[in-house]
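Sequences listed follow chains A, B, C and D, in order.
Residue 1059 in the working numbering sits at position 318 of the first sequence, and the numbers go up by one each step.
Residue 933 in the working numbering sits at position 192 of the second sequence, and the numbers go up by one each step.
Residue 744 in the working numbering sits at position 3 of the third sequence, and the numbers go up by one each step.
Residue 1070 in the working numbering sits at position 329 of the fourth sequence, and the numbers go up by one each step.
Treat the hints loosely; a few may be bogus.
Since the list gives no way to pick one copy over another, a pair counts as held whenever it fits inside one copy or between any two copies.
BS3-like, lysine-lysine: derived pairs with alpha carbons at most 27 Å apart [unchecked claim]: (1) K746 / K792; (2) K1025 / K888; (3) K1025 / K976; (4) K771 / K888; (5) K794 / K811; (6) K799 / K771; (7) K746 / K1096.
Hints were generated in silico from the structure; no laboratory data involved.
For reference, the chains in residue letters:
There are 4 protein chains.
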Amino acid sequence: MSATKQIRIALIGYQFMGKAHSNAYRQLTKFFPEIGIEPVLQVLCGRTEDKVKAAAVKFGFAEYETDWRKVIARDDIDLVDIVTPGDSHVEIAIEAAKAGKMVFCEKPLASTVAKAGAMQDAVAENNVPNAVCFNYRGVPAVALAKKMIENGDLGRIYHWRSVYLQDWIVDPNFPIVWRLQGDIAGSGAHGDLIAHSIDMARYLMGEITEVSGMMDTFVKQRPILAEIDDRLGGKASDQMGEVTVDDSSIFLARFESGAVGTFEATRMAAGRKNHNKFEINGSKGSIVFNMERMNELEYYNHEDPDDRKGFRVIQTTDGSHPYTGNYWPAGHIIGYEHTFINLIRDMLVAFTEGKEFHPNFADGLACQKVLDAVVTSSETRSWQKI
Amino acid sequence: MSATKQIRIALIGYQFMGKAHSNAYRQLTKFFPEIGIEPVLQVLCGRTEDKVKAAAVKFGFAEYETDWRKVIARDDIDLVDIVTPGDSHVEIAIEAAKAGKMVFCEKPLASTVAKAGAMQDAVAENNVPNAVCFNYRGVPAVALAKKMIENGDLGRIYHWRSVYLQDWIVDPNFPIVWRLQGDIAGSGAHGDLIAHSIDMARYLMGEITEVSGMMDTFVKQRPILAEIDDRLGGKASDQMGEVTVDDSSIFLARFESGAVGTFEATRMAAGRKNHNKFEINGSKGSIVFNMERMNELEYYNHEDPDDRKGFRVIQTTDGSHPYTGNYWPAGHIIGYEHTFINLIRDMLVAFTEGKEFHPNFADGLACQKVLDAVVTSSETRSWQKI
Amino acid sequence: MSATKQIRIALIGYQFMGKAHSNAYRQLTKFFPEIGIEPVLQVLCGRTEDKVKAAAVKFGFAEYETDWRKVIARDDIDLVDIVTPGDSHVEIAIEAAKAGKMVFCEKPLASTVAKAGAMQDAVAENNVPNAVCFNYRGVPAVALAKKMIENGDLGRIYHWRSVYLQDWIVDPNFPIVWRLQGDIAGSGAHGDLIAHSIDMARYLMGEITEVSGMMDTFVKQRPILAEIDDRLGGKASDQMGEVTVDDSSIFLARFESGAVGTFEATRMAAGRKNHNKFEINGSKGSIVFNMERMNELEYYNHEDPDDRKGFRVIQTTDGSHPYTGNYWPAGHIIGYEHTFINLIRDMLVAFTEGKEFHPNFADGLACQKVLDAVVTSSETRSWQKI
Amino acid sequence: MSATKQIRIALIGYQFMGKAHSNAYRQLTKFFPEIGIEPVLQVLCGRTEDKVKAAAVKFGFAEYETDWRKVIARDDIDLVDIVTPGDSHVEIAIEAAKAGKMVFCEKPLASTVAKAGAMQDAVAENNVPNAVCFNYRGVPAVALAKKMIENGDLGRIYHWRSVYLQDWIVDPNFPIVWRLQGDIAGSGAHGDLIAHSIDMARYLMGEITEVSGMMDTFVKQRPILAEIDDRLGGKASDQMGEVTVDDSSIFLARFESGAVGTFEATRMAAGRKNHNKFEINGSKGSIVFNMERMNELEYYNHEDPDDRKGFRVIQTTDGSHPYTGNYWPAGHIIGYEHTFINLIRDMLVAFTEGKEFHPNFADGLACQKVLDAVVTSSETRSWQKI
């Protein structure tokens, strides 16, 4: 194994995304040994010592640290991975870039185009490999969709139609976790969920040129949080506070290609758990994807014989499908966590080979421009060009 | 319209099946005018005068009659359609055949092979056109399946797998309607439901050569019926009686082709309403059909490219599909009642053209042989050859 | 049957909708005899004598006529049913109202609010019973949804989300039938499809107060029509012409209740046949409906125990469901044509009892206001209040 | 972490199951740290040195060994995990038991009841903790089903209906891997697939008392294997050989409870990948599970209000569901590999606490009795009592 290249990781943050990222680093060599890359879990960083210490043990990090600046200053770190709440991304990412580290940042990149732009400038000026964690690009079914579209299998594309529906805050007594606080999270369903849909649309459909949006907060008062857990939720206190993010974000879009699109995200759709779904209609066929059944891609081939046409459910677990040959036999499904392994696989291969990787900070910035345009559109009640 | 050929119908029986058959006759000229055949609803026959009189008006018959022998004796009747409970089929059908009438009989043809054989002898000796109402052959998706199999699209066929599940007697207080009385109905789920599956299997797969079966009555005592309705049910009295038919019938089968099959029917599957489902697996592909979604046929083409394989849901409502060009535009579904219109369309065309029609009494007899073999198998706990 | 009230029908138009309406009148007494109303198919009216004559025989009308004014002038007509292309609705409906007839008109009521308003004025001034054929209100699953919402079972409603997707013009060589001609049809997917969604939303959610829309024609040149058929299509000539309606119409909406909505209709979604689907999310639950599986309603009860929550597929074919007790036993599905029987049942009962019926011309007008607002919004690229 | 109990693992075998088991051991502490148990990957054992050496690195074992007897003789091994082809289970397991090791064995336990009985005797006599890897008991949806049944939520149970369908050998040129060799594998779909269904049925339904079976080999000649891979397949040579196992196994069963069951397994069902599906119908409700959508359980509650009844799709990813609170937020699915983590979690907790664990060797033996009875039934064409 002397040929294996080690990449030493510093992970900043240790909640839900910290768990997902560290799992991916650990599992990478087990499922993709042939790439010859070994991420080393060097140091986990968080503000609260006892918690970060426990998390470091749980996640398998060699060390922990409470000051991210110290981490970035270390020579034995190759890659800084930022999974903190959104408001701190900009400062950490810029410092990491200045220190010459590879930088991997959770989405959304920042809470404004200005901040995302500063981050993109920093990685460009310092010429450091960079990536943003739009992990759904790592879904085999999505990679198959990308391949089909690039191959022209859908023909001229007319429609994009996406919803990202969840229901974890339908209960009006769900407490104000940081994801419901505008100063920390930037926005609600908007930056958390629809950002994923925007990246997916840019990936598969190309650039969005203009939008008309509508953002809403249906439940404006909720209990203040007592204690957070690592499953998005937490315990409510008995005091009420103001919700300062959107519950729901919806917009119409036009693509550079001439196609039209609808986007919707909400955390108030009872029964929808992680219903990140999109449909694309083209002159030669259509595809449908839903993250809740992420091992499947629905495909309609308009060129099938007339009496044999129908949406087929492709189980994307065959050896012929992207990524899945490295996991289990056909029909033996993978899960949410594998999207991170796949994305990180591609990222580290690109970083190691010195190739441009997508989604990178430029993609994060492009996504942010759409997010900001939707906010402006919603506030000004007008179409906004990107 | 001088070219239209009239066929004068006498319908014996006026419950659920009477409603379905008379509807089909009425609708035939509306949806299939091009065949130039007009069924005339001449006379409806039933034992209880006030009820048959009311039904004749409701169904659109010109006349009613309480003695089926008188009906058969009439010169102005071309076709005798028998939808009475199973125990009376044999006598009526034989008399109708002797009178030279076309004979159309509900399934199962009879309660034993001996009776079904006598019926088949009668139609053969008198050389009268004859048919048995396995109406599911009139489903567009089933006709498409037949076409695909004949075309070799599924290759060598290995497996038949059918279930016919209902739940209308799950409630132990559901009363003993005639369908739960052995002396009238012959059997329970066996003759009522699995008979349909056997006919479907014979139609699509060829002959069955041997069976091993198991029949059960889970709820042996139920309330005696007070009053029947036309939706399979009725009102319970406060007296209990013996259930003399099976609740459930299951068997393994071998086909002449070498394929193997499983058959199951039950009226005790909570949540299944008219879940008449089958799956066929061959070397080149598979198909799945479920009567509850009768406008769809699932199809897997094993010869699709590796990364594009999947069960597709064909909406069999296109103009290219059997029958459906005569109804509504694609996607505008038809229902249960249209299976009767389609089957009667084919039957009357064949009768008029003097061609052999299937399913005929010979098919009903062949089905009965399998039904009887399963009963014997269940009683003797042994494989039975057909 | 002396108590049966006859209503004599004049049907103006005999294409796809003519077939659907006349079928419904014929079948009404067969499935709903207990209402004591018998529609009499008195006269069918169309411009081309040989065609209307043939259609009258096919549909079962006693007479035919080529001049609709003569029809309206007759004393032996109680109800004028208008199923002509959209541009002629206004004149016929107003004359029928002036003549004191009951008026039943296909949707969309007219091509502009002004015309629809004139129609509404006419029925109001002449105090005639009136209805518009938003037939999807006659779907049992939709009626169940209405009952659930009125019952409060979904709680406070946050989201409406509808798509009405078809693919019959995906082929760029599909000819310019009247539904693709602006001067006759008024609009494309907009008035044809999204009008249904608007009515459904108004029925279930209440009034829409403002919209932001986007309408597109992707394929602007198509072959001129040679000959129409009765399944929406026809034969293409070898000359090209201009498509003067939209292929696709999409809009965001706000409801009076505070809920938000998305609406999309297109005829360019490969694989979607009659995919008229909506989802509603409320604080206590969600429902989903899709016309392609019109015998089912998906329902999520947020108040189920935590580990038992899930979208259930209700087969709306039980005797306990709206309308279906009059058809077939549970699980034996009905089809597209029965939506017309059900709507006409309700309409004729209301007309006979002198009660206000919905959807009536006021509903058609309200729908038209939304349709017009979307057109204006799309043209001016601005939110429009209704 | 001083409180963490280490359990030192020797894994015998390193193909598909070796990969699955070692992954589960590695991941256990990451997802279930609260149990305080750490499996230590001490030694991996296999016959071919270069391959086992490479696999040890890949899987994360400290050492490798080529002689399983040496491994069992070591003092620093607590648990022997046997994932070799079926023919070697008996010898290894008995030696491990004699050495006082905890024994964990892949299913089916052995190729005959006699061998399985000897294994069970060995673990009983030596009083060692033992388990058999029926990993599907570790599926959250299955654990939920178990809980519901124990709770009486399905009432009196009438029907079990299972299929385990795959298609990886539909191609007649698929080579004879060890799973197609009777002397190594014991049987084909029978021991490989239907064994899982039998265990599942015993787990959820109780004991099976008699069976009538039918086993078939449709493709009797196949190419001899050139080289195996770790996804069930391999490369074909150009020589043909005899297939000495079944392609398909089907049987009828009666349960001690009075319920009836059907079981089917095949590797020849085109389009079915890992279609391990079962349905249970009881007097109060029904459930359906399919491993291809293993994060879902379908549930029909017969006691819901009449017009609200329907099969609901429970996404078993909520914190309230078994196991899933330790993984990701609701709607973020897990995959095939997690079934092993969950089962091993329960096993190691029980072993550590000195409690009886199921499925253990007694369960493996009970399963084997049914497997053998089906073989005998198929050969003698008779019902066999267990």
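Results for each hint:
Proximity of K746 and K792 under a CA criterion of 27 Å is satisfied inter-copy only: 22 Å between copies versus 31 Å inside one chain copy. For a Cα distance limit of 27 Å, the shortest separation of K1025 from K888 qualifies both inside one copy, at 15 Å, and across copies, at 26 Å. In this homomeric assembly, K1025 and K976 come within 27 Å of each other (Cα to Cα) only across copies, at 21 Å, whereas the closest approach inside a single copy is 50 Å. Proximity of K771 and K888 under a CA criterion of 27 Å is satisfied intra-copy only: 26 Å inside one chain copy versus 34 Å between copies.
Taking the shortest alpha-carbon separations for K794 and K811, only the intra-copy value of 16 Å comes in at or below 27 Å, while the best inter-copy value is 40 Å. Proximity of K799 to K771 under the C-alpha cut-off of 27 Å is found in both arrangements, the shortest distances being 19 Å within a copy and 6 Å between copies. In this assembly of identical chains, the alpha carbons of K746 and K1096 lie at most 27 Å apart only when taken from the same copy (16 Å versus 45 Å across copies).
In this structure, every one of the numbered hints holds.
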